[in-house]
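Asks: Given next are the chains, with one letter for each unit.
2 protein chains.
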Amino acid sequence: MFAEAEADPILSKDEFKPLEERLRAALLNAQYERLRKADKSLLIVVAGIDGAGKGATVNLLNEWMDPRHIRTLAYGPREGEELDRPPLWRYWRDLPPKGSTGIVFGSWYAPLIIEASRKKPNAEKIEAQAAAIMRFEAMLAAEGVQIIKLWFHLSAKAQKTRAQHLLASPETAWQVSPVDLKVNKRFDRIRAGGHVVLNHTDCGHAPWVVIPSADENMRAARTAEAVLAAMRQRGIPRIPPAFVAHSGSTRIVDRLGQLDYEAKVDKQDYESELGLLQGRLARAARSDKFQQRSLVLVFEGQDAAGKGGAIRRVTHALDARQFDITPIAAPSSEELARPYLWRFWRRIPRHGRIAIFDRSWYGRVLVERVEKLIAPAKWRRSYAEINDFEEQLVASGALVLKFWLAITPDEQLERFREREKSPFKNFKITPDDWRNRDKWREYAAATNELLTRTDVPHAPWHLVSANDKRYARLQVLRHIVEAMEDQL
Amino acid sequence: MFAEAEADPILSKDEFKPLEERLRAALLNAQYERLRKADKSLLIVVAGIDGAGKGATVNLLNEWMDPRHIRTLAYGPREGEELDRPPLWRYWRDLPPKGSTGIVFGSWYAPLIIEASRKKPNAEKIEAQAAAIMRFEAMLAAEGVQIIKLWFHLSAKAQKTRAQHLLASPETAWQVSPVDLKVNKRFDRIRAGGHVVLNHTDCGHAPWVVIPSADENMRAARTAEAVLAAMRQRGIPRIPPAFVAHSGSTRIVDRLGQLDYEAKVDKQDYESELGLLQGRLARAARSDKFQQRSLVLVFEGQDAAGKGGAIRRVTHALDARQFDITPIAAPSSEELARPYLWRFWRRIPRHGRIAIFDRSWYGRVLVERVEKLIAPAKWRRSYAEINDFEEQLVASGALVLKFWLAITPDEQLERFREREKSPFKNFKITPDDWRNRDKWREYAAATNELLTRTDVPHAPWHLVSANDKRYARLQVLRHIVEAMEDQL
Numbered sequence: 001m002f003a004e005a006e007a008d009p010i011l012s013k014d015e016f017k018p019l020e021e022r023l024r025a026a027l028l029n030a031q032y033e034r035l036r037k038a039d040k041s042l043l044i045v046v047a048g049i050d051g052a053g054k055g056a057t058v059n060l061l062n063e064w065m066d067p068r069h070i071r072t073l074a075y076g077p078r079e080g081e082e083l084d085r086p087p088l089w090r091y092w093r094d095l096p097p098k099g100s101t102g103i104v105f106g107s108w109y110a111p112l113i114i115e116a117s118r119k120k121p122n123a124e125k126i127e128a129q130a131a132a133i134m135r136f137e138a139m140l141a142a143e144g145v146q147i148i149k150l151w152f153h154l155s156a157k158a159q160k161t162r163a164q165h166l167l168a169s170p171e172t173a174w175q176v177s178p179v180d181l182k183v184n185k186r187f188d189r190i191r192a193g194g195h196v197v198l199n200h201t202d203c204g205h206a207p208w209v210v211i212p213s214a215d216e217n218m219r220a221a222r223t224a225e226a227v228l229a230a231m232r233q234r235g236i237p238r239i240p241p242a243f244v245a246h247s248g249s250t251r252i253v254d255r256l257g258q259l260d261y262e263a264k265v266d267k268q269d270y271e272s273e274l275g276l277l278q279g280r281l282a283r284a285a286r287s288d289k290f291q292q293r294s295l296v297l298v299f300e301g302q303d304a305a306g307k308g309g310a311i312r313r314v315t316h317a318l319d320a321r322q323f324d325i326t327p328i329a330a331p332s333s334e335e336l337a338r339p340y341l342w343r344f345w346r347r348i349p350r351h352g353r354i355a356i357f358d359r360s361w362y363g364r365v366l367v368e369r370v371e372k373l374i375a376p377a378k379w380r381r382s383y384a385e386i387n388d389f390e391e392q393l394v395a396s397g398a399l400v401l402k403f404w405l406a407i408t409p410d411e412q413l414e415r416f417r418e419r420e421k422s423p424f425k426n427f428k429i430t431p432d433d434w435r436n437r438d439k440w441r442e443y444a445a446a447t448n449e450l451l452t453r454t455d456v457p458h459a460p461w462h463l464v465s466a467n468d469k470r471y472a473r474l475q476v477l478r479h480i481v482e483a484m485e486d487q488l
Numbered sequence: 001m002f003a004e005a006e007a008d009p010i011l012s013k014d015e016f017k018p019l020e021e022r023l024r025a026a027l028l029n030a031q032y033e034r035l036r037k038a039d040k041s042l043l044i045v046v047a048g049i050d051g052a053g054k055g056a057t058v059n060l061l062n063e064w065m066d067p068r069h070i071r072t073l074a075y076g077p078r079e080g081e082e083l084d085r086p087p088l089w090r091y092w093r094d095l096p097p098k099g100s101t102g103i104v105f106g107s108w109y110a111p112l113i114i115e116a117s118r119k120k121p122n123a124e125k126i127e128a129q130a131a132a133i134m135r136f137e138a139m140l141a142a143e144g145v146q147i148i149k150l151w152f153h154l155s156a157k158a159q160k161t162r163a164q165h166l167l168a169s170p171e172t173a174w175q176v177s178p179v180d181l182k183v184n185k186r187f188d189r190i191r192a193g194g195h196v197v198l199n200h201t202d203c204g205h206a207p208w209v210v211i212p213s214a215d216e217n218m219r220a221a222r223t224a225e226a227v228l229a230a231m232r233q234r235g236i237p238r239i240p241p242a243f244v245a246h247s248g249s250t251r252i253v254d255r256l257g258q259l260d261y262e263a264k265v266d267k268q269d270y271e272s273e274l275g276l277l278q279g280r281l282a283r284a285a286r287s288d289k290f291q292q293r294s295l296v297l298v299f300e301g302q303d304a305a306g307k308g309g310a311i312r313r314v315t316h317a318l319d320a321r322q323f324d325i326t327p328i329a330a331p332s333s334e335e336l337a338r339p340y341l342w343r344f345w346r347r348i349p350r351h352g353r354i355a356i357f358d359r360s361w362y363g364r365v366l367v368e369r370v371e372k373l374i375a376p377a378k379w380r381r382s383y384a385e386i387n388d389f390e391e392q393l394v395a396s397g398a399l400v401l402k403f404w405l406a407i408t409p410d411e412q413l414e415r416f417r418e419r420e421k422s423p424f425k426n427f428k429i430t431p432d433d434w435r436n437r438d439k440w441r442e443y444a445a446a447t448n449e450l451l452t453r454t455d456v457p458h459a460p461w462h463l464v465s466a467n468d469k470r471y472a473r474l475q476v477l478r479h480i481v482e483a484m485e486d487q488l
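Residue numbers (the UniProt record's numbering), protein chains in the order written: chain A, 1 to 488; chain B, 1 to 488.
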């Protein structure tokens, strides 16, 4: 795998000059024709032996391409609010929009490379980390992000020579960091680690390319060729099913049909229990332990099922400083230019905070599916992507509680009519609502499927009978309070 | 000012019921007709005596209006990355888009209220803080943000009664915070502070309204009426010149005309000095002291003046992890929905980091002015807004260095022709560039004016003769290195 690179091949000036000319023009052309005009972005992951000239290569790409459409995304150890979120959060946050290129230093490979370069690497950790990376990259690729991963490599001898050469002159000595000097001693281990990483994570939709880096010309030419090949790739590459997380084949249960819609609570019981539950919620949310956790509340349900009312009963008990409500509306242009889940990742709460979603990432397997806004392949893989997303949230300390507020068609009809009559509720009812109502069965089928496929132990669904608003609100509050008291 | 509120007026249930009905319908209607359809957003600033029911009022507004278009923005003491930026940064970051409403707790008034409520308030501090607030609000108002400020008030006796009433029942006791109980003892001082704050910051485009808060119905009705009045206000209110920062009347100097365009450096001197300067820059940017500062680099200049090349010579010496380049392109839909400077505020660096702007906020007084994209009143007030913006950056620890790379018309023509011929530079030349060239004089006049009006001691302009690229690059690097070495 590294044999060619460790032979430290050279490209003479005479060979390089005409090649450079051609490559620069081709890169620019591809950047405009293939990337900016097409509906995709490019991520160039930069890794390899320290001191192989990764930094210099980034400058070169910025010089050869149009730098206005390139963002260099460089990461050190996670810190500050990054520690409150899943490890992938910072990469999601910085995903470049369609039409542009991101060059990623210190990427999602950093922990894997460190683990694989240990004296005694932990095989299970490596498998798990590699699998998570494969899922992430498969999702990106399927959402129109082209990925190319470059491993800069050279022989131990060449690495040493390069550092000494740079150190020799005061004009270039600062380019050599203490890490570059140390790496020579650990060369064999990093080399072995690189082998493991590349073997575990090389795939058609996100290939690794080893760049021989001892010679500047060779490094430049090979980098340009690899980037060019990635930009020229058309459409979305076939992603082998092995790399795609999947939710398995399950018998879909009619959970909506099995619900007891008669459940209700009388007004007096409601008022007193509401206050008590709000009191417990207030205490839980203000507890010291919650400062190390976060809460993600997802509200879904038919139109007029009472999501807004339930949310207000929850927020009534909270400090306004602590929560954010995100109503899911039409995506902005910045959101449309990124993978689907980006708009939700950007709303993930810090520790000690609460994010409330009034409708959510389930839109993809509900309205987008039923209204045929996307191809079936897209919503089918969504279940697994969503499970993966929520699993990451939970692993980072979030409590993910998902509520489905369910009403019967008759109850909905009554509420629609009531809304039309009320001067301060008629804004809530639109022609869309009536249209959705005509597709009750299709929505019910989609709902039963998502309730089955995404009812996972780390983020179970709470199906709530909501024909009686008071009953539904207490159910929601009780679930939240009990989950918080249980976990804190 | 507080006389009516301290009389603790009451609205009986019989008076309130029909009023409530009318206000709710009117609020919703205004939210849709006046706000969502118009090109503006609404900020409701919430302040007043603690324990007057501010939190309850926010819940009420969310219940009466369509909560999907309201964001509650609540702030505690500044923390984390907020401390690395100007105090207003977090408010800028969260500005709601056009068509929506932000309710602000712990607003930009918090420090002023604290200062004004001290035993011995510092009059100068109060004047300075109030003036900064007035400038901020005048700018927001001029950019289409409607502002209403609510001061919730009641008598000391009523405040005490309200807390005791809530404490009496376990269902409501949690609504009373320790601060609410303490405030009664400091009532007089907070009351006096409120007086000072309201007197200093009440104005037509961002008025204060005192809300009598002892009675729940009265509080609700008065709040709704105040919000309604704000939403119904048409257009941009006249902003008295006293509140608008201004850059003064100055004789415009022909700085572009006075420059020595013959300056040049030969290749050998260039290469050796470039390396030495890059070495010094590398050391300065990696120094411990820089971890408490940040660097903002602004690059402006005629088309083809060599901004990109100069930027690359700077970034070549930097750790890619440390800087971001922001090329100013067409604004996104999220940017268009906010005040002009929002798109730059969101790129302000943390301490220890470097933000490089390839073109910048000066676009408003350059291309937008010359191409007549905005009304003259808008770009005229921009000078002062920009000076204010940069002053805030500097006060928060940023080093703001602004470079104007200047070339002559002949040199530009030569470079344009060269670009057209070069296969890897022709993407850099567009019909726009030729059009801009036709307006050389207008651009020169706009440039000379901005160089005069925004050449402030805290953020001076460095006018760089750039007919010789090598000379210009060394000038830029030397300025940065010397400024950093001087300040660190």
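FYI, nobody ran anything at the bench for these hints, they're computed from the structure. Note that this is a predicted model, so its numbers are computed, not measured. Careful: at least some of the hints might be erroneous.
[Said to hold, decoys possible] Capping the alpha-carbon separation at 30 Å, the derived lysine-lysine pairs in DSSO-like fashion look like this:
#	chain 1	residue 1	chain 2	residue 2
1	A	264	A	428
2	A	98	B	425
3	A	428	B	37
4	A	37	B	428
Asks: Give a verdict on every hint.
Replies: Tested hints:
1. 264/A with 428/A: Holds, at roughly 24 Å.
2. 98/A with 425/B: 23 Å, holds
3. 428/A with 37/B: Distance of about 17 Å is within 30 Å: holds.
4. 37/A with 428/B: 17 Å, holds
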